[in-house]
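Novice: Place chain F on chain W using the hints.
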Amino acid sequence: MLSRRDFIRTVLICGGAIFLKSGVVLSSGLKDTEVKAVTLDITYTTEILRPPKRRGVQIWIPLPRTDLEQEVSSLKVTSPYEYRIGEAGPNRMLHLKTDEVKEGDRITMVFRLKRVASGTTIEPEEDPQQHLRPSEWERWDRTVAEFVERVAGKEKDPLKVGRLLYDAIIDRSKYLHEVCGRGVATLFLEEKVGRCDEFHALFRSALMYRGIPARWEQGIAFPYPSEIKKRGEFEADCINAHSWVRFYLGDGRWFPVDLSEAKRRPDLREYYFGRLVPNRMKVSSGRGLVLNPPQKGIINTFAYTYIEAGGLPVIYGHNYRNTINYKLLAMEV
Amino acid sequence: MLRWLTMVLWLFVIIVPEGHASEKSPLVGRPVPTFKLPDENNKLVDFGTLIDRPTIIYFTHNSCHYCTQIIALLKRAKAKFGDSIRVIGINVMAEDNKLVRAYKEELGFIFPMFAGNRYEVLKTYRINYVPVLVFVDAKRIIRRVVGHYIHEPVLHRYIREIIEK
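Respectively, the protein sequence lines represent chains W and F. Quick note on numbering: the first sequence equals residues 1 to 333 in this note's numbering. Quick note on numbering: the second sequence equals residues 334 to 498 in this note's numbering.
No incorrect hints appear here.
As a list, the in silico BS3-like pairs of lysine-lysine whose alpha-carbon atoms are at most 27 angstroms apart:
1) W:K296 / F:K431
2) W:K296 / F:K437
3) F:K437 / W:K53
4) F:K413 / F:K498
5) W:K102 / F:K431
6) F:K376 / W:K296
7) F:K376 / W:K53
8) W:K76 / W:K327
9) F:K411 / F:K472
10) F:K431 / W:K97
Ranges of calculated distance between the beta carbons of each label pair, as one might list FRET restraints:
11) F:I496 / W:K154: 52 to 58 angstroms
12) F:K413 / W:E332: 53 to 59 angstroms
13) F:D416 / W:G288: 39 to 45 angstroms
14) F:E497 / W:G288: 42 to 48 angstroms
15) W:R106 / F:Y452: 36 to 42 angstroms
Examples of chain W residues lying across from chain F (beta carbon under 8 angstroms, computed):
16) P52
17) K53
18) R54
19) L176
20) C180
21) F188
22) E191
23) E198
24) L312
25) P313
26) V314
27) I315
28) Y316
29) H318
If you are wondering where the hints come from, they were derived from the structure by calculation, not from laboratory data. C-beta: ideal position from N, C-alpha, C; glycine also.
So here's chain F without its partners, still in its complex pose:
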C-alpha cells in the first residue's frame, strides 16, 4: 500500500505543472521594451506608442494552435474589459507585412499586429516558444509573462491585476 502511495505521490509531483518559470521572468518589474516593427501595411511603427493603457502583448506564430485558441479568449476579454485594456499581437514567424496581413484576414484578428521575426525582439522578450503573453500595466511596467496556454479565468485575473495597478 505504502509503495503505491509513494508512487502516486511521486508521479503527481513530477507531472502536475507548477507556475512556469516565465512568470518569474527577469522582465517582470521592468519598463516594457519597445521596437519599431512592420505592421500589416508594411509601415514601421513603434508599438510602444500604442501602450497608453494596460496592455497585453501577445507573441504567436502560424504553427501553434494553442495560440489560435488564445485569440478567441483575447477577443472575449476585449469585449469584457473594453477600452481599459489594449492587445497587441506580434507574429514571430513574420518577417514582413504579408504574413501579418494574411494572418489577420484568416483569423479575424482585430488587434494591431506586427512582424516580429527580428532577433533583437525575440532576444529581448526571451521568446523561444509560443504562446507568450506579456502583461503591462498603465505605467508601462511588465507585471507578468505567461509562457504557455492560459485559461480564461486566469487571463481575466491577470488583466484585473494590470488594470488595478
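So here's chain W without its partners, still in its complex pose:
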C-alpha cells in the first residue's frame, strides 16, 4: 500500500510532469536538454589537511583526457612535490611520491574543459570483449540472472534489452544522495536503495550477464546548465563523483545511459536513455583499477585523488581534501 507521502509524491510528479511537459524550465528559461556544449575553466586542487602519520606517501590524481565527448586543453600542474603523468589502460593520471608532506601543501591542476551533449559514439577501435568482464562488485548471481530473465525475457536486441532493464531498475529503486556507495550489484538488487554506482553496477552486471558489453564511465558531476553559476566551487569527493554506462549496440556503436539521473530527474528519463547532459567531466573508465605505478589498496572507482601512506589508503576529509573551482566560459544552445 502507498504511504500518504508516496501518494502525494506520485500525484505531484505525474501532475508536474504533465504540467511542465518537456523538461524543467528554471528562472533562466534554459532547458537542460537543449544545451549542446559547456566550456569551463577548471581548477582542481588536492590539499593536505593533516600529514599522514606513516611515511612513504604516494598520490594518484585522475587526469581527464580528450575523447569524443570532451576536449581538455591548457593543462598546467603546480605541486610542491615532483610529479609525472602516467597511463594505465585508457586512464591518465598524475603520480606524486614524497616523504615531505606538510599541512597545507596543495597540488593544483588548471585546465579548460569543453563538454558536449553526448549521444551514441562510434568507436570501432574499442574492443567490446574487454567490457564483458565484471569487476568484483558486479559479479552476478542467481538473483541477478533471474531478474534479467524476468525483465528481458527472450529479447535479444541489445537496445531493447537495455531499455527493459533501464526501466525496471529505475522503477524498483530509490535514489539516495548523501552516501558513499560501494556499487555492489547483488546488494542493490536486494536493497533497492543507492546512488549512481549502485544503479550502474546492477545495470552493467545485468547486461554483461546477457552477453552485452557495457563500459563503466567515471566522472565528476557539475551543476545542471539550468542551475550553473558563472563561478562555483565544490568538493571532488564520493558525493560529487558520478558514474554512467555505455553499452554496445554492435558495429562500433556505444550507447550512453544514466539511470540514477533519470531517477532523480523524471523529466529527463527519456533523454538519459541514449544521451547525456554536458554537466559532467569524465575522468576514468572501468572499476577495480590498477594505477600507474600500481597502488597497494583496492580502488573501487577512480573519480578523484587517491592517496596511500606506507602502502595503506589515507582518510579523505581527514588527511586531505579535493576542491573543484570552475568558471563558466560558454554555454552553446
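Specialist: For chain F alone, kept in the frame of chain W given last:
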C-alpha cells in the same frame, strides 16, 4: 501564480528527503548478527561478545568524509552517555588489521574496530554504502538502521531509545 505554487510544491516533495528506507530495514526487530573479524592486532574476535549493553555498530570506510564527521559525534555521545552505551566500528574497506590500525591511529578512533571487508558481513548487514549506523538494544535486538549522515540531536534521540528499551 498557481503554476509557480504547483512547481514549488512539486520540487519540495521531490527534493526534501524523507526517512531513509534503511530505517525500515528488515534487520529491525531481529537479533543482531555477529561475526568473528580481525581486530587491529589481527586477532579474530566475535564482536558479538562486546554487545553487552546498548550498542551502536558503525560501518565506515576511508573515502567517506561524512563518516569521519560522524566519529566526532560518536565520541561526544560516548562522553555524554558513558558506560550505558558501547560503540563498535567496522571498516568495510579493511581486509586485515593493517588498515584498521592505521585508521584508528590517524583519527584517534577510541572504540573497538574490525576489518569488515567480508562478503558475508556486508550481505548480512546490507551494506552497499556508508555511513551506516546500526542501533542495538540491551536485549541485542536491532532497533534502527540509519544509512546516511545523522545529526547530533537525532543520534542522541536514537541512543536514548535503545537505552530505554
